[in-house]
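We have chain A already, so just place chain B with the ligand on it with the hints.
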Amino acid sequence: MEYWKDETEPITAFLKLFEEAKKDEELSSGLKKVNQLIWFDYTEDGPNCSFHIDCRGGKIESGAGKPSETPDLIMSLSADDAHRSWSNKLNPVMAITRRKIRVKGSATGLLKLAPKLKKVATIYEGVLRDLGWQDKILK
Amino acid sequence: MHGNTGTIIGVDLSEGRVDKINPPEEWYLCYVGGSGLAAKYFWERGDLEADPLSPEAMLLFMNGPFAGLKLSGASRSSVGGRSPLTGHWGDSSCGGYFAPELRYAGYDGIVITGRADKPSLILIEDERASIEDASDFWGLGIGETNRGLKERYGKNHRTLVIGPAGENLVKYAAILNEGHHAFGRAGFGAVMGSKNLKGIVVRATRKEMAIAHPERFAELRGDLNLRIKDALASSVMRENGTAANLEGGAFSGDVPIRNFTSNFWEEMGEALAGSTLTEKYLTRRWQCAYCTVRCKRVVEVPDGPFAIPEGPGPEYETIVSFGAMIGSMDLAAACKAGRLCNDFGMDTISAGGTIAWAMEAFERGDLTPENTGGVELRWGDMATVVEIVLPAIALRKGKLGELLSEGSIASARRIGKGSLAYTCHSKGLEAPMHDPRGGGHGLALTYAMSPRGACHVADPMLFIEMGACYYPEIGLEYELEPKTDENKPESAVISIALGAIENSACFCQFADREVTIPDWVELFNTVAGYGWDADEMMRTGRRIFHLKRLINYRFGLTAEDDDLTPRMLEPARDGEPEGIEINFSGMKAKFYELMGMDPEKGIALPETLQQHGMTGESSRVW
Ligand code: SF4
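Same order as they appear, the protein sequences are chains A and B. Under my numbering, residues 27 to 165 are what the first sequence spells out, in order. Under my numbering, residues 28 to 649 are what the second sequence spells out, in order.
Keep in mind the hints are simulated off the structure, nothing from the lab. Keep in mind it's a predicted model, so treat the numbers as computed, not measured. Accuracy of the hints is not assured; some may be wrong.
Unchecked claim - In silico BS3-like cross-links for lysine-lysine, where the CA-CA straight-line distance does not exceed 30 Å:
{"hint": "1", "chain 1": "A", "residue 1": "Lys-58", "chain 2": "A", "residue 2": "Lys-92"}
{"hint": "2", "chain 1": "B", "residue 1": "Lys-615", "chain 2": "A", "residue 2": "Lys-58"}
{"hint": "3", "chain 1": "A", "residue 1": "Lys-144", "chain 2": "A", "residue 2": "Lys-58"}
{"hint": "4", "chain 1": "B", "residue 1": "Lys-256", "chain 2": "A", "residue 2": "Lys-59"}
{"hint": "5", "chain 1": "A", "residue 1": "Lys-145", "chain 2": "A", "residue 2": "Lys-130"}
{"hint": "6", "chain 1": "A", "residue 1": "Lys-130", "chain 2": "A", "residue 2": "Lys-48"}
{"hint": "7", "chain 1": "A", "residue 1": "Lys-92", "chain 2": "B", "residue 2": "Lys-256"}
{"hint": "8", "chain 1": "A", "residue 1": "Lys-142", "chain 2": "B", "residue 2": "Lys-307"}
{"hint": "9", "chain 1": "A", "residue 1": "Lys-126", "chain 2": "A", "residue 2": "Lys-142"}
{"hint": "10", "chain 1": "A", "residue 1": "Lys-42", "chain 2": "A", "residue 2": "Lys-145"}
{"hint": "11", "chain 1": "A", "residue 1": "Lys-92", "chain 2": "A", "residue 2": "Lys-115"}
{"hint": "12", "chain 1": "A", "residue 1": "Lys-115", "chain 2": "B", "residue 2": "Lys-615"}
{"hint": "13", "chain 1": "A", "residue 1": "Lys-85", "chain 2": "B", "residue 2": "Lys-510"}
{"hint": "14", "chain 1": "B", "residue 1": "Lys-256", "chain 2": "A", "residue 2": "Lys-130"}
{"hint": "15", "chain 1": "B", "residue 1": "Lys-510", "chain 2": "A", "residue 2": "Lys-126"}
{"hint": "16", "chain 1": "B", "residue 1": "Lys-307", "chain 2": "A", "residue 2": "Lys-59"}
{"hint": "17", "chain 1": "B", "residue 1": "Lys-510", "chain 2": "B", "residue 2": "Lys-615"}
{"hint": "18", "chain 1": "A", "residue 1": "Lys-145", "chain 2": "B", "residue 2": "Lys-307"}
{"hint": "19", "chain 1": "A", "residue 1": "Lys-48", "chain 2": "A", "residue 2": "Lys-126"}
{"hint": "20", "chain 1": "B", "residue 1": "Lys-307", "chain 2": "A", "residue 2": "Lys-130"}
{"hint": "21", "chain 1": "A", "residue 1": "Lys-165", "chain 2": "B", "residue 2": "Lys-510"}
{"hint": "22", "chain 1": "A", "residue 1": "Lys-115", "chain 2": "A", "residue 2": "Lys-142"}
Claimed, not checked - Residues from chain A that face chain B, not an exhaustive set, calculated with beta carbons under 7 Å:
{"hint": "23", "residue": "Asn-117"}
{"hint": "24", "residue": "Val-129"}
{"hint": "25", "residue": "Thr-134"}
{"hint": "26", "residue": "Lys-138"}
Note that the Cβ used here is the ideal one computed from N, Cα and C, for glycine as well.
Excised from the complex, chain A in its bound form:
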């Protein structure tokens, strides 16, 4: 991995990102509209390198690892590409076309959130700063 020293680091950062994103009204209502259980699968970088968010039924919950229920959507990619993606440095359409991101399930809801990636990236930068990982911020 180019940006992470072990498989726990990205999950720490991404879970915190979702905790912060939930506090943003626009992002939280956008996530609720997605109404899916999503597994972000980075296990190509380690067996525990994944997390999930559950935004079904008007809630937003997140947790490390694979969800216990069958996810509606699985996004599989490397932890480095996930870092680029949350930093808004990876064109998601291009990444899907080039199989850097592999999608299983309906991505229609998530597509609605794509325009909000810029805002997510701003929050993510704050998260990295809070964690003392300024060196990981992509410019």
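Just chain B with the ligand, lined up with the frame of chain A:
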């Protein structure tokens, strides 16, 4: 012959004659089918001096080699000829069910000249083809005509018909198949109208086709159909139609707003999105023959001022043309406007573009109530659009109808006052609903280079800039940033060649994103036995592009016409692309250089034509 049947129906409506024609096999090999073969046929046998609405004008419908082969997205067809809207080469593609039926009947296309002395239709039933009286259908809308033809001939007969707009020679009249699928662009409905031709009806009772390597093809088709069906883009479009990503486009500045005066309108994205259409009005999903993408919509607006019964629903272009482009985010109104255009037989892009121009002209005072017969044109006033403007255009009613039925460019020329500057087109064809300032600067280049005029489906540049396709085997590996000119001419030369292949093979751009270059080559070789490699396929694509431009040159177009209007090139005023200049002249010069084209005449240089096996064509222009 494999793939294509090698036979075309020739109809002379003035003489009442129907012939079977076998064009030289070499034309198929060099120009494939669809709009490529139509262009070759027109170049060789068309009257290039003829007014597009005169009896001498030639109208060509042409299939691609894969029609009817049960391959997802590959059973479309093309219409071509001299466009009455632009005055030069035009072509348009249509999905639906006509192409496979024509192919099963044994024909690759229909070439029509002359003018019938009374309203007529062409009836094709297997090897029999005849001209029939259609007087009782004249004046009817598309839906009623379609139903009437099915009652008369049978529900499995496939139809291509025009509505009142075509009969009244509206310059952007469309031709519809089964009342749902349109040859929308460039006004060929008016050409049919000028020939007193209300429709074409076809029925085949057999499905025999000669394929070069049936087993290899069957295997490839199985694989491709599965990949196309399972592709992420397909599932997204199946769920929410071609407007599935309208919100993303609205955010990036790709969706034109109020006649390209703005690139940002926050609430509009969700209001007009494909998902909103699904939630509110979708009753069924629909598809063209054999396509597993199923991007077509069937909708019903149950109540309200824009209520419509269940029937064909709008796709992305129609939603934006009758939405953001004219200052409305009323999705029900866009459904109603689209339905009206379907029934009148009018291109929604040119209709929306023309009305958007008129609304701006009215706001500026360049167009006055005196010009419009007292009709006030205000942004977002969909009641007026639906109740007054669209019927007036289709029926050429009153001053407003007479003016706007000619399209935005002719209307602007007529009223003057500098209003041409805010038309949005290239070569006289109103621009589709993707603003290159937000959507991608490469699109500005390909809009301008497209032989028929501003067009987003002449080639896959829109998808390439979006990142939705890449072709490493032919050097298209760039990771493009839409809002710059970097690597755009280099991408465009590949894109236009591939686009010419797509439109000659009549393969839908929404479905063929999954088709790799090796797949394309294998398809042509297994179906038609061309014996191509990727280089030869791309050379064929460029040849088709060059030929269409030679035709345009004969119509008087030069490099100067490869342009966009000032409105489309001024820096965006807001949104993501705000203030960014498009380096249009730089991209254009580089494109010309890479394509081996003459920077003044706008056509391929003699040596370029020679490299593409076009010495005969060259001698007619150099
Ligand atoms: S993708 Fe849509 S428009 Fe294209 S062939 Fe399939 S159903 Fe028709």
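Comparing the hints with the structure gives:
no.	hint	in the structure
1	A:Lys-58 - A:Lys-92	20 Å, holds
2	B:Lys-615 - A:Lys-58	46 Å, violated
3	A:Lys-144 - A:Lys-58	19 Å, holds
4	B:Lys-256 - A:Lys-59	25 Å, holds
5	A:Lys-145 - A:Lys-130	25 Å, holds
6	A:Lys-130 - A:Lys-48	24 Å, holds
7	A:Lys-92 - B:Lys-256	27 Å, holds
8	A:Lys-142 - B:Lys-307	24 Å, holds
9	A:Lys-126 - A:Lys-142	21 Å, holds
10	A:Lys-42 - A:Lys-145	15 Å, holds
11	A:Lys-92 - A:Lys-115	26 Å, holds
12	A:Lys-115 - B:Lys-615	29 Å, holds
13	A:Lys-85 - B:Lys-510	37 Å, violated
14	B:Lys-256 - A:Lys-130	13 Å, holds
15	B:Lys-510 - A:Lys-126	23 Å, holds
16	B:Lys-307 - A:Lys-59	15 Å, holds
17	B:Lys-510 - B:Lys-615	16 Å, holds
18	A:Lys-145 - B:Lys-307	29 Å, holds
19	A:Lys-48 - A:Lys-126	27 Å, holds
20	B:Lys-307 - A:Lys-130	26 Å, holds
21	A:Lys-165 - B:Lys-510	18 Å, holds
22	A:Lys-115 - A:Lys-142	13 Å, holds
23	Asn-117	5 Å, holds
24	Val-129	5 Å, holds
25	Thr-134	5 Å, holds
26	Lys-138	6 Å, holds
In summary, the numbered hints that this structure violates are 2 and 13.
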